Amino acid sequence: IAGITQAPTSQILAAGRRMTLRCTQDMRHNAMYWYRQDLGLGLRLIHYSNTAGTTGKGEVPDGYSVSRANTDDFPLTLASAVPSQTSVYFCASSHGTDSDTQYFGPGTRLTVL
Amino acid sequence: GQNIDQPTEMTATEGAIVQINCTYQTSGFNGLFWYQQHAGEAPTFLSYNVLDGLEEKGRFSSFLSRSKGYSYLLLKELQMKDSASYLCAVRDNDYKLSFGAGTTVTVRA
Chain D
6 IAGITQAPTS QILAAGRRMT LRCTQDMRHN AMYWYRQDLG LGLRLIHYSN
56 TAGTTGKGEV PDGYSVSRAN TDDFPLTLAS AVPSQTSVYF CASSHGTDSD
106 TQYFGPGTRL TVL
Chain E
3 GQNIDQPTEM TATEGAIVQI NCTYQTSGFN GLFWYQQHAG EAPTFLSYNV
53 LDGLEEKGRF SSFLSRSKGY SYLLLKELQM KDSASYLCAV RDNDYKLSFG
103 AGTTVTVRA
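Protein chains in written order, with this note's numbering: chain D, 6 to 118; chain E, 3 to 111.
Read the hints as simulated data drawn from the structure, not as lab findings. Just so you know, these numbers come straight off a predicted model, no measurement behind them. Where hints are given, some of them may not hold.
[To be verified] Straight-line C-alpha distance at most 20 Å; calculated SDA-like pairs for lysine to any residue:
| hint | chain 1 | residue 1 | chain 2 | residue 2 |
| --- | --- | --- | --- | --- |
| 1 | D | Lys62 | E | Ser29 |
| 2 | E | Lys59 | D | Thr106 |
| 3 | D | Lys62 | D | Thr82 |
| 4 | D | Lys62 | E | Asn5 |
[As the list claims (entries may be wrong)] Example chain D residues on the side facing chain E (calculated, C-beta under 7 Å, incomplete):
| hint | residue |
| --- | --- |
| 5 | Gly8 |
| 6 | Ala19 |
| 7 | Ala20 |
| 8 | Gly45 |
| 9 | Leu48 |
| 10 | Thr106 |
| 11 | Phe109 |
| 12 | Gly112 |
Ideal placement from N, C-alpha and C gives every residue a C-beta, glycine not left out.
Please model the complete structure; the sequences and the hints are all you need to start from.
If you want it as structure tokens, here you go:
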């Protein structure tokens with residue numbers, strides 16, 4: 006069992022390019038989340054999905070889109086990358102119940118030049 | 003929205019005790035979590051409090067006072083491997099987490 010995986014591990018991207026960060030979990034978790042982590046700001050929620058077929062906006066959704074076609078996958082797309090999107094991106098998943106915690110993937114380090 | 007405050011840095015000696023405080027002001031509360039994050043790695047779950055009081059897990063304990071909007075994480079018998087960032091996170095009624103900026107703990111020999 007892999008848990009939750011992310012790809013790529015790291016990426017350098019030219020501004021204006023389109024990029025999709027991949028996230029897959031094999032724990033049959035209902036809920037999935039995308040965060041970005043920046044020095045001094047902590048983890049900030051970009052988008053989330055409480056169950057397959059639904060998505061919602063988090064604290065910092067602008068410039069990002071997500072889809073949740075099935076339970077396992079939750080890709081994050083940057084339609085036209087900008088330098089301010091340089092960050093470490095973490096995907097997380099959870100059952101979505103009261104006593105439940107979120108489990109995090111290993112992260113993707115993205116640099117936009 | 004959520005406003006979560008915790009100290010930026012703390013330093014302690016191996017074998018000692020360190021207490022990391024977290025205060026929060028929230029529009030909804032459905033539990034408080036502590037995560038540990040080593041440099042370059044993903045956050046990992048440490049503890050969860052939803053009712054007032056102390057939860058103990060080995061060398062780590064977490065306390066919550068909902069009326070005061072206050073929690074602390076207590077790390078006892080510090081080891082070098084405890085050097086990491088500790089993240090306080092508050093869950094709202096929609097099961098979304100809001101994180102503090104994290105406290106970097108450095109353990110010295």
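Against the structure, the hints:
1. D:Lys62 <-> E:Ser29: Measuring from Cα to Cα gives roughly 17 Å; hence the hint holds.
2. E:Lys59 <-> D:Thr106: Given that 20 Å is the threshold and the Cα spacing comes to 16 Å, the pair holds.
3. D:Lys62 <-> D:Thr82: With Cα atoms ~14 Å apart, Lys62 (chain D) and Thr82 (chain D) stay inside 20 Å; holds.
4. D:Lys62 <-> E:Asn5: holds, 18 Å
5. Gly8: Violated: closest Cβ of chain E sits about 10 Å from Gly8 (chain D), beyond 7 Å.
6. Ala19: violated, 25 Å
7. Ala20: violated, 25 Å
8. Gly45: Because about 6 Å separates Gly45 (chain D) from the closest Cβ in chain E, which is inside the 7 Å limit, the hint holds.
9. Leu48: Hint on Leu48 (chain D): holds, closest Cβ of chain E at ~4 Å, below 7 Å.
10. Thr106: holds, 4 Å
11. Phe109: holds, 4 Å
12. Gly112: holds, 6 Å
Hint compliance for this structure: hints 5, 6, 7 are not met, and every other hint is.
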